Amino acid sequence: MVVCTINLTYRSLVMPRFFTALIVCLVVLLLSSCATTAPPQPTFTDPTTPARTTAERQRYLAMAREYTRLATRADAPQRQDYQLRAANILALGNFTRHARQILGSMPQNALDSSQRIRKRLLSAYVAILEQNPRETLQLLAAPLPSDAPQARRADYHRLRATAYSMIGKHLHAARERVALEPLLARRSAIENNRKAIWQSLSRTDDQSLAAVKTLPPPHQLSGWIELMRISRSARRGGQQMREQLARGQESFPGHPAGGTILAALYEQSERSLSLDPGNIALLLPLSGDLKPAGEAIRNGFIAAHYAAREQGNGGERRIRIYDAGGDTIQEMYQRALADGSGLVVGPLDKRELALLVQSGITMAPTLALNYLDPNLLQLPADLFQLGLSPEDEARQAARRIWADGYSQVGILYPDTPWGQRVASAFASEWEKSGSRIVAAQSYDPEGQDFSTPVARLLKAAESNAAVVAAARRPARQRHQSDGKEGTVEDKPIGVDAIFMPGFPRQLRQLRPQLRFHDAGDVPVYATSHAYTGKPNRAMDSDLNGIRFCDMPWILDTGSGNRKLRRTIKQQFAIAPDSQLNRLYALGVDAYNLIGALASLQSQSYERFDGETGTLMMDQNGRLHRRLSWAIFERGVPRLLPEAATPQE
Numbered sequence: 052m053v054v055c056t057i058n059l060t061y062r063s064l065v066m067p068r069f070f071t072a073l074i075v076c077l078v079v080l081l082l083s084s085c086a087t088t089a090p091p092q093p094t095f096t097d098p099t100t101p102a103r104t105t106a107e108r109q110r111y112l113a114m115a116r117e118y119t120r121l122a123t124r125a126d127a128p129q130r131q132d133y134q135l136r137a138a139n140i141l142a143l144g145n146f147t148r149h150a151r152q153i154l155g156s157m158p159q160n161a162l163d164s165s166q167r168i169r170k171r172l173l174s175a176y177v178a179i180l181e182q183n184p185r186e187t188l189q190l191l192a193a194p195l196p197s198d199a200p201q202a203r204r205a206d207y208h209r210l211r212a213t214a215y216s217m218i219g220k221h222l223h224a225a226r227e228r229v230a231l232e233p234l235l236a237r238r239s240a241i242e243n244n245r246k247a248i249w250q251s252l253s254r255t256d257d258q259s260l261a262a263v264k265t266l267p268p269p270h271q272l273s274g275w276i277e278l279m280r281i282s283r284s285a286r287r288g289g290q291q292m293r294e295q296l297a298r299g300q301e302s303f304p305g306h307p308a309g310g311t312i313l314a315a316l317y318e319q320s321e322r323s324l325s326l327d328p329g330n331i332a333l334l335l336p337l338s339g340d341l342k343p344a345g346e347a348i349r350n351g352f353i354a355a356h357y358a359a360r361e362q363g364n365g366g367e368r369r370i371r372i373y374d375a376g377g378d379t380i381q382e383m384y385q386r387a388l389a390d391g392s393g394l395v396v397g398p399l400d401k402r403e404l405a406l407l408v409q410s411g412i413t414m415a416p417t418l419a420l421n422y423l424d425p426n427l428l429q430l431p432a433d434l435f436q437l438g439l440s441p442e443d444e445a446r447q448a449a450r451r452i453w454a455d456g457y458s459q460v461g462i463l464y465p466d467t468p469w470g471q472r473v474a475s476a477f478a479s480e481w482e483k484s485g486s487r488i489v490a491a492q493s494y495d496p497e498g499q500d501f502s503t504p505v506a507r508l509l510k511a512a513e514s515n516a517a518v519v520a521a522a523r524r525p526a527r528q529r530h531q532s533d534g535k536e537g538t539v540e541d542k543p544i545g546v547d548a549i550f551m552p553g554f555p556r557q558l559r560q561l562r563p564q565l566r567f568h569d570a571g572d573v574p575v576y577a578t579s580h581a582y583t584g585k586p587n588r589a590m591d592s593d594l595n596g597i598r599f600c601d602m603p604w605i606l607d608t609g610s611g612n613r614k615l616r617r618t619i620k621q622q623f624a625i626a627p628d629s630q631l632n633r634l635y636a637l638g639v640d641a642y643n644l645i646g647a648l649a650s651l652q653s654q655s656y657e658r659f660d661g662e663t664g665t666l667m668m669d670q671n672g673r674l675h676r677r678l679s680w681a682i683f684e685r686g687v688p689r690l691l692p693e694a695a696t697p698q699e
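Start counting the sequence shown at 52; every next residue gets the next number (my numbering).
A couple of the hints might just be wrong.
Claimed, not checked - Think about it this way: if two alpha-carbon atoms lie no more than 25 Å apart in a straight line, the pair counts; the simulated DSS-like pairs of lysine-lysine are: (1) Lys614 - Lys585; (2) Lys170 - Lys342; (3) Lys246 - Lys342; (4) Lys246 - Lys264; (5) Lys620 - Lys585.
Unchecked claim - Cβ-Cβ distance ranges computed for the label pairs, FRET-style: (6) Gly339 - Gln385: 19 to 29 Å; (7) Arg237 - Gln362: 37 to 47 Å; (8) Glu318 - Met590: 46 to 56 Å.
Everything labelled a hint here was simulated from the structure, so no lab data went into it. The structure presented is a predicted model; accordingly, all values stated were derived computationally and were not measured. Just so it is clear, CB atoms sit at the ideal spot from N, CA and C, and this is done for glycine as well.
Please construct the entire structure, taking both the sequences and the accompanying hints into account.
Below you can see the structure in the form of C-alpha cells.
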C-alpha cells in the first residue's frame, strides 16, 4: 500500500539585537510502502482551533508527522482516517500546501462515504485559508447527504458563510448562519453564531436589505432583517426605536434574536438619545496651518448631513461650527457647551485633544478626530476617538501577512518619525504571533540611492536565515493573497514577505530594486500611503505586485454611499490624488457615526460600514478601521478577497 508520509524538521534562525529566533519549517513529502497489523493510536489529543503562534504551528507539524507515520502502519479505513486527521492539523497550522498534497493523494474510490465528506470539507477549508473563497463555494455547491452527521452539516454551513463574507456577499453569509443555528449544541456557539448573523447584516447595505422580501414567522432570516432595519432607523436619528422594537418583537415572537441581541438594542435605544441630542458642535481648525484639513472634514460632515436630510433622516439635528484655530481649545469647547451643544465632534489636533482631556473640564459626549494613548491619560467615559491612524494600518498589514501564510518577514521603512512609528507598530503586532522580524532596514525617503537599503535588508535577512539559505529548499507552492497558486523557487534571501510602508515616489523606486536584487517574487505589503488615489498605469506599473490596504472611499467598494461620494467629489472639485481626499471621507463618517455610537459602544460585535473602513469600537472608545485590500496589477489596483478568519 502507498501512503503519503511527511518528514518535518525545524531549524533555528539567529536574530540580531532584539529580534529573536524564528522557527523555520522544512517540509518534504515522500512516498513509501509499508504494512501493519493492529491500528496504532496517537498519544495526543487533536487540536480543534487554528494555530495562533509560531510555537503552536510547530506543535501542529509534529502532530501531523505522527499521524502520517501511523498511517504507514495502518490498513484501510484506519489509514485514510489518519491521513485526513494529518491534513486537518496541517490546515489548522496554515500549512495548506502540505494539506493539499495529502488530500490529493487520497483517491475517492478508496474512501468510504464519511471520509469523502470529510475530504470535501477539508478541501473547502484549505481553500478558505488560501484566500480562495470561490473555490470553497464551488466545492460546497451541492448540499451534503441528508444523513451526514450533524457536525459535518454544521461545518458545511460555517464554511459557506465564511466564503460568502470574504467575497462581500454578507446577506448570503447571514442566510448560511441562520441555517447553521439548529445544528449547534453548545450555548456559547449559538450566541457567537447569532452575533455573526448580526455582523453579516450590519455589513449589508440598505439597498440589499430593502430588496429582500421578508416572510412572516417562523421565517428566521426575515426576523433578523426586520430588526436590522429598525436598528438602522435609529442610526439615522430616529426617535421611535423602542416602539419599533416592540412591534418587531410582536411580529416575530420567540425569534432567536429576542434574547441578547434584542436586549442590547433596547439598551442602545436609551443610550442613543443621550449620544444624539440634536445640538451638535463641530470643532475644527478653520484657520492656521491645519485649515485645509479642517475645511475638508467640515465639507464632508455637512454634505453627509444634507444627504441624510434628503433621505428623511437627521432633520432634527442642529449643527454649530466652531473654529478651533483661534481661542484655546478649552475656551472653544466650553463655549460650545454654553451654546447648548449635547455632542461635540472634534478636535482634530492631537495636542489640543490631550490638553482638553488634561484640563479636567466636564466633557459632553465627544467624538474626537484623533487618538490618545489610554496608557498615558485617563480618558473620559464619553470620549470616542476616530482617525486615520497609519499605525492601525501597519497592524492590519501584520495580521494580513500572517493570514496569508508567511512567517519570515522583513521591514523596509522610511527613516522618519512617521516611518519609525509605523514600523514599530507592525513589529509589535507581528510579534504577538510568537514570530520575530527577520531583518529591518530604513531608507532615506529624500535620497536617490534606493539600491543600498534593499541590498542591506536582503543581506541581513540572508545572514540571519543562513540555515535556510544553505538548505536551498526545493520549489514550494505558496498560496498568494491574490488568490493564485504558483510554484516558485526559494531564493536564499531569508524572507518570504516584506512590509514596505512609504509613499508612491519612494515605492516606485524600491520595488524595481527588489527585482534587481533577485527578490521580485517576494510579496510586498504596504499601507494606504502607497496609492495616490488616482489610477495611473504609466506611473504605477513599477508598483505591480504590491499589496496595500485602503478605505472604501478610495477603492470605491460598497454601494451605499456611491452617490454621496460622486456629489462631494464634484461639488468640491476634489482631485483623486489630493492629499485631502481621505479627509472628506473622515468628515462623512464623523457625521454618519453619530447615530451608531450607542450600538458600537454597547455591542462589541457591532460593525459600521463607513467610508474610511469597517468601524468597530474597543473598550476605550477607540474606533478601529478594517480596510479593504488591493494589489497593483498593470499599474492599477485590483481588489483582493477579505482575509479568512474562520475561528468558530
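* So does Arg237 sit 37 to 47 Å from Gln362, Cβ to Cβ? -> At roughly 42 Å between Cβ atoms, Gln362 and Arg237 fall inside 37 to 47 Å, so the hint holds.
* To do: Would you mind confirming whether the straight-line C-alpha gap from Lys620 to Lys585 stays at or under 25 Å?
  => Holds, at roughly 13 Å.
* Asked: Does Lys614 pair with Lys585 here, judged by a C-alpha cut-off of 25 Å?
  -> holds (18 Å)
* **Given hint Lys264 paired with Lys246 - CA-CA distance at most 25 Å** => Cα-Cα ~22 Å, so holds.
* Lying within 46 to 56 Å: is that true of the beta-carbon distance Glu318 to Met590? -> holds (51 Å)
* Confirm or reject the claim that Gly339 and Gln385 have a C-beta distance inside 19 to 29 Å. => With Cβ atoms ~20 Å apart, the hint holds.
* Lys246 paired with Lys342 [C-alpha distance capped at 25 Å] -> Measuring from Cα to Cα gives roughly 42 Å; hence the hint is violated.
* Hint consistency between Lys170 and Lys342 [alpha-carbon to alpha-carbon, up to 25 Å] -> Roughly 60 Å separates the two Cα atoms, so the pair is violated.
When the structure is compared with the earlier hints, violations turn up for hints 2, 3 and for no others.
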